[in-house]
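Visitor: Residues per chain, in single letters:
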Amino acid sequence: MAAQANQTTTGTAPAIELRTVTKRFRTPSGGVYTALRDLDLTVAPGEFCAVVGPTGCGKSTTLSLVSGLERASRGETLIHGEPVTGIDRRVGFMFQTDAVFPWKPVLDNVAAGPQFRGVGKREAIEKARDWLRRVGLSGFEDRLPHQLSGGMRKRVALAQTLINEPEILLMDEPFSALDVQTRQIVQDELLSLWELTRPAVVFVTHDLEEAIALADKVVVLTVGPGTVKDTFAIDLPRPRKVQDIRFHPRFVELYEQIWTSLRDEVQLAYARTAGESPRPEQAPEPGSGPVRDHEPAVNEPRTNEATRTNDTIGQPR
Amino acid sequence: MTTTDTLIPSLDDQDAAELMRAARSGRRRRRLLILSAQIALVVLVIGGWQLASAQGVLDSFTYGSPSGVLDQLKTWFTQGTSTGSIWHNIGVTMEETVLGFLIGTLAGVVLGIALGRIHALAEVMAPFIKAGNSIPRVVLGSMFIIWFGLGPSGKVALAVVLVFFSVFFNAFQGTREVDRNLIANARILGASEWRVTSQVVLPSAMTWIVASLHAAFGFALIGAIVGEVLGAQAGLGQLIQQAQGNFNANGVYAGIIIIAVLALAAEFLITRFEKRVLRWRPTQLSGDTAGL
Ligand SMILES: Nc1ncnc2c1ncn2[C@@H]1O[C@H](COP(=O)(O)OP(=O)(O)OP(=O)(O)O)[C@@H](O)[C@H]1O
Ligand SMILES: [Mg+2]
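Which chain is which? The protein sequence lines are Z and G, in order.
Taking the UniProt record's numbering, the leading residue of the first sequence gets 1, the next gets one more, and so forth.
Taking the UniProt record's numbering, the leading residue of the second sequence gets 1, the next gets one more, and so forth.
Just so you know, these hints were derived from the structure itself, not from any lab.
No experiment lies behind these values; they were computed from the predicted model shown.
Certain hints may be false.
To be verified - In silico DMTMM-like pairs for lysine to aspartate or glutamate, Cα to Cα no more than 20 Å straight-line:
#	chain 1	residue 1	chain 2	residue 2
1	Z	229	Z	253
2	Z	104	Z	88
3	Z	217	Z	179
4	Z	104	G	177
5	Z	104	Z	130
6	Z	217	Z	47
7	G	275	Z	142
8	Z	104	G	95
9	Z	241	Z	230
10	Z	127	Z	165
11	Z	104	Z	126
12	Z	104	G	179
13	Z	241	Z	209
14	Z	104	G	12
15	Z	104	Z	141
Stated by the list, open to error - Label-pair restraints from in silico Cβ distances:
#	chain 1	residue 1	chain 2	residue 2	range
16	Z	129	G	133	30 to 36 Å
17	Z	32	G	132	37 to 43 Å
18	G	119	Z	19	50 to 56 Å
Ideal placement from N, C-alpha and C gives every residue a C-beta, glycine not left out.
One chain only, chain Z, in its complex shape:
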């Protein structure tokens, strides 16, 4: 399967390439907001790239550019060396918010992708069954999404995305709503599934540990308008187990380095967005276990951001 994924990629062209991309949005008040400025990003075929950055810095926007849901205002977006002109069949996208179809049972939800792409019903269902087994949801085929736990719903979304066997997998904080234990399980699942088909991944997260544990490369974005601040190669051995890799000495080192880079941006963003609710930003002790102190600053804008981003997706004005 890995061979199949690789042979379709054209030569040495990177799977994803953003060249000095700028994205501007029109704001409701009539102004113009620059979400991304001169962003450069390259992801090789089969590479797992994590993107971290303060809230509102343009991480989701970056993904929507790669997916073809949005167009860059300036600069170039390339997939396998070709400019993105619309939604590309090779792209899979797991959204920041729940996007499984609430009226479809789990099995139909997972089968939706192949069916949309013209695969026969029987075949699509068979494939969906297979993928449900892989994400550990056998026996839940007939449930409706609202009858599942949050973690199970995320796994449905994962299966729904992976069943199309995307060469490019975009994931927008896919596991941020999960509790720590469930998150680790699903992260491990993701890694083993990724090993199967080896797509190029862009994985957006606020969780630095998650980024380091999963990725080959961590990209730190600046406070909005976002651009790449630093890129860190993660030279940790694979295959990894998420809960073990955290104790690798190199992990702690990398954590410190990346956090140092990220911290200033997070504090800047915090000062900007949380001016009215003063709560001093704590710089966490590097490497002191799960550090998510910067998250509260980030939480509130994140929730309404999702709908806002996609407003322009659904209806280009």
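Following the hints, complete the assembly by docking chain G with the ligands onto the known chain Z.
Guide: Chain G with the ligands alone, transformed into the frame defined by chain Z:
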């Protein structure tokens, strides 16, 4: 509820069962009480009315009487009306209503979704829709009689217009409210615009559309009846109109009762349909039994 119950140790289990039984019998008693109060109310009103008209307190010629209404119904159902059997009249009205309901709903849903999806179209059509909606419908009734004559088509047309607007606005709003994430997800998964519309927008907007159907059926019935009152050869509205012409108060009431029964039956069917298509929703409108 049932799942947690099975996890409770057996002693508590008995307690829980006891509690459930007590709650259930309490609920049954309450329901009985309410029902008997309702029956008492009906008896009081109808009985009072009957008594008053028998005593001459209420002029039974002007205000009718329950026994008179009953007689009228009996006459209609056994001997028929001046425009054929009562079943024929009911049939005519129902045909107009159902036809108007179906056509109006279909048009409302199709146009509502189309305008909801295609913004340019919505902008072009907005003033015309608003203007159309502002016309008092009864005026249209007279116009349709001129256009279509006294036959059923005019009534169907009136029902269509009434139904259309109530369904249209809901379908339009429902389409606008569809979760953008779901649409984006479907497109990424490979859905064409048509598939997005039929498999994401329609099911999402169904909540809104179905909600409008209750009112819409009522409007269809109003359209048919008003159309018949304005001029027709048969139908319940025409019967009422005739009774009014003869100063037959009982006839008017009898017509109203038949219409009410029809409306209730339709309401029942629509509620069933609603439950069917919205089965996937976590909170049913009448979630009474969901917990048990
Ligand atoms: N459709 C839009 N119209 C106007 N501004 C937008 C739109 N979408 C995003 N923005 C703005 O662009 C900036 C970047 O948004 P984006 O969603 O990419 O942030 P993010 O990095 O994903 O944030 P978070 O971590 O909170 O999800 C934000 O300041 C947001 O307000
Ligand atoms: Mg985001």
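Visitor: State for each hint whether it applies.
Guide: Hint-by-hint comparison with the structure:
1. Z/229 - Z/253: Judged against 20 Å, a Cα distance of about 19 Å means the pair holds.
2. Z/104 - Z/88: violated (24 Å)
3. Z/217 - Z/179: Violated, because 25 Å separates the two Cα atoms, which is more than 20 Å.
4. Z/104 - G/177: Status holds; Cα separation ~19 Å.
5. Z/104 - Z/130: Satisfied, since the Cα-Cα distance of roughly 18 Å is no more than 20 Å.
6. Z/217 - Z/47: Roughly 8 Å separates the two Cα atoms, so the pair holds.
7. G/275 - Z/142: holds (18 Å)
8. Z/104 - G/95: Given pair residue 104 of chain Z, residue 95 of chain G is violated - Cα atoms ~35 Å apart, limit 20 Å.
9. Z/241 - Z/230: The hint is violated at about 26 Å.
10. Z/127 - Z/165: It holds: about 11 Å lies between the C-alpha atoms, which stays within 20 Å.
11. Z/104 - Z/126: Answer holds: residue 104 of chain Z to residue 126 of chain Z is near 16 Å, not above 20 Å.
12. Z/104 - G/179: Between residue 104 of chain Z and residue 179 of chain G the Cα gap is close to 15 Å, so the pair holds against 20 Å.
13. Z/241 - Z/209: holds (13 Å)
14. Z/104 - G/12: violated (38 Å)
15. Z/104 - Z/141: Status holds; Cα separation ~10 Å.
16. Z/129 - G/133: 30 to 36 Å: violated (49 Å)
17. Z/32 - G/132: 37 to 43 Å: holds (38 Å)
18. G/119 - Z/19: 50 to 56 Å: violated (32 Å)
Taken one by one, the earlier hints fail for this structure at numbers 2, 3, 8, 9, 14, 16, 18, listed in ascending order.
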